[in-house]
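A.B. asks: Sequence:
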Amino acid sequence: MASFNSHNTVLPDVTTEQSTAQVPVIDKVGMQGIAIPLHILGKRGERLASKATVDVTVSLDHPNAKGIHMSRLYNLLQRYLSNQDLHKSALVSLMNSLIESQGGLSNSAQLNLHFDLTVSRPALISKMSGYQSYPASLCVRRSPTGYKAQLKLTVPYSSTCPCSASLSRQALSDAFIQQFEGKDLSLVEMGAWLASKQASIATAHAQRSFADITLDLSDNEIPDFIGIIDLVENALGTPLQTAVKREDEQAFAKRNAENLMFVEDSVRRLHEALSTYYQATYFRVKVEHQESLHAHDAIAELSGPVHR
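Numbering-wise, the UniProt record's numbering puts 24 at position 24 of the sequence shown, and it's gapless, one number per residue.
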């Protein structure tokens, strides 16, 4: 009686069958959402992420091939990325191997790494600190024309509406005049009133905001993730905080007052910061202010080349 588990059995592989008719070239075929324990390091060697999801595809350029060798793509991801520090050499070798693994069926390959950068951020004044998460994607493509890489990064921040701030100041001014018109006040008395609950006439509305940054990278180097985050947060001036004390919260309120921003202001600040960034050739920015006044959100987009 024959065994179903015989080691001599040759299992069929329909992907090796040749089509009798010419078929169109497929631009991308592969897998998405593959879980990988990936180590992403900062420029100072600190670990920023420990897991990622990966999308991997190759082109199917052979005119008579039924399909690609998909399992080979999966195995190569495990070999080059699983529990490894992400380095330029590993990425370049992986992209070349993805194409070579198809035995002449493919001329190009694409890899999308999606991960959250977990970065320790200090408080503004005190010695407190905590971890902030920044969603990121590193997209790499290898084709006959060369190697291209693109970084996508989301940086959260706070934005306070300039119009609302102006209206709040006007309301406070009106209340002050109504309360003290014709009275001779000392500076101490004025300061005491301004510090009291009576002076809480109106407050400017602020909102959780997001800057979506896309950079076409200029070389094969792994991006300086923390350097880019610092550049964006410094340009906007109002980064979200993690662990804080009261002095940090007050400093944050001052930061917002010093950096009143419409979405137009935000993208212009980021344009100035990114238009000379050394690791990129082109940048795209989209900002989103998730309104606390309106039921809708405000957005703005801007893009341009990097000048050196």
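It should be emphasised that the hints constitute simulated quantities derived from the structure, not laboratory data.
Glycine included, each C-beta is placed from N, C-alpha and C at the ideal position.
Each hint should be verified, as a subset may be incorrect.
[Unchecked claim] In silico EDC-like cross-links for lysine to aspartate or glutamate, where the CA-CA straight-line distance does not exceed 16 angstroms:
{"id": "1", "residue 1": "K66", "residue 2": "D27"}
{"id": "2", "residue 1": "K148", "residue 2": "D216"}
{"id": "3", "residue 1": "K28", "residue 2": "D55"}
{"id": "4", "residue 1": "K43", "residue 2": "E264"}
{"id": "5", "residue 1": "K254", "residue 2": "E272"}
{"id": "6", "residue 1": "K286", "residue 2": "D265"}
{"id": "7", "residue 1": "K66", "residue 2": "D55"}
{"id": "8", "residue 1": "K43", "residue 2": "E221"}
{"id": "9", "residue 1": "K152", "residue 2": "D224"}
{"id": "10", "residue 1": "K127", "residue 2": "E247"}
{"id": "11", "residue 1": "K51", "residue 2": "D116"}
{"id": "12", "residue 1": "K286", "residue 2": "E264"}
{"id": "13", "residue 1": "K43", "residue 2": "D85"}
{"id": "14", "residue 1": "K88", "residue 2": "E221"}
{"id": "15", "residue 1": "K152", "residue 2": "D216"}
{"id": "16", "residue 1": "K127", "residue 2": "E249"}
{"id": "17", "residue 1": "K88", "residue 2": "D224"}
{"id": "18", "residue 1": "K148", "residue 2": "D265"}
[Unchecked claim] Taking CB as the label site, the calculated pair distances span:
{"id": "19", "residue 1": "A295", "residue 2": "Q170", "range": "17 to 27 angstroms"}
{"id": "20", "residue 1": "D297", "residue 2": "A257", "range": "17 to 27 angstroms"}
{"id": "21", "residue 1": "R246", "residue 2": "P37", "range": "32 to 42 angstroms"}
A.B. asks: Would you check the hint for K66 and D27, treating anything up to 16 angstroms between C-alpha atoms as holding?
C.D. replies: 14 angstroms, holds
A.B. asks: Has the hinted range 17 to 27 angstroms been met by the Cβ atoms of D297 and A257?
C.D. replies: 22 angstroms, holds
A.B. asks: Regarding the pair K127 and E249, is the alpha-carbon distance no greater than 16 angstroms?
C.D. replies: Answer holds: K127 to E249 is near 13 angstroms, not above 16 angstroms.
A.B. asks: Does D55 sit within 16 angstroms of K66, going by the straight-line distance between their CA atoms?
C.D. replies: 21 angstroms, violated
A.B. asks: Regarding the pair K286 and E264, is the alpha-carbon distance no greater than 16 angstroms?
C.D. replies: 10 angstroms, holds
A.B. asks: With a cut-off of 16 angstroms on the C-alpha distance, tell me whether K43 and E221 pass.
C.D. replies: Between K43 and E221 the Cα gap is close to 11 angstroms, so the pair holds against 16 angstroms.
A.B. asks: For the pair supplied as a hint, K254 and E272, is the alpha-carbon distance within the 16 angstroms limit?
C.D. replies: Distance of about 23 angstroms is beyond 16 angstroms: violated.
A.B. asks: Hey, K88 versus D224, does the alpha-carbon distance stay inside 16 angstroms?
C.D. replies: 12 angstroms, holds
A.B. asks: Quick one, are K152 and D224 close enough, alpha carbons at most 16 angstroms?
C.D. replies: With a Cα-Cα distance of about 13 angstroms, the restraint between K152 and D224 holds, given a limit of 16 angstroms.
A.B. asks: Decide if the proposed pair is consistent with the structure: K148 and D216, CA atoms, cutoff 16 angstroms inclusive.
C.D. replies: 8 angstroms, holds
A.B. asks: Starting from the range 17 to 27 angstroms, see whether the pair A295 and Q170 falls in it by beta-carbon distance.
C.D. replies: Once the Cβ atoms are compared, 25 angstroms apart, the range 17 to 27 angstroms for Q170 and A295 holds.
A.B. asks: For the pair we were handed, K43 and E264, check the Cα-Cα distance against 16 angstroms.
C.D. replies: Not OK: K43 and E264 at ~32 angstroms, beyond 16 angstroms, violated.
Hints 4, 5, 7, 18, counting from the list given before, are not met by this structure.
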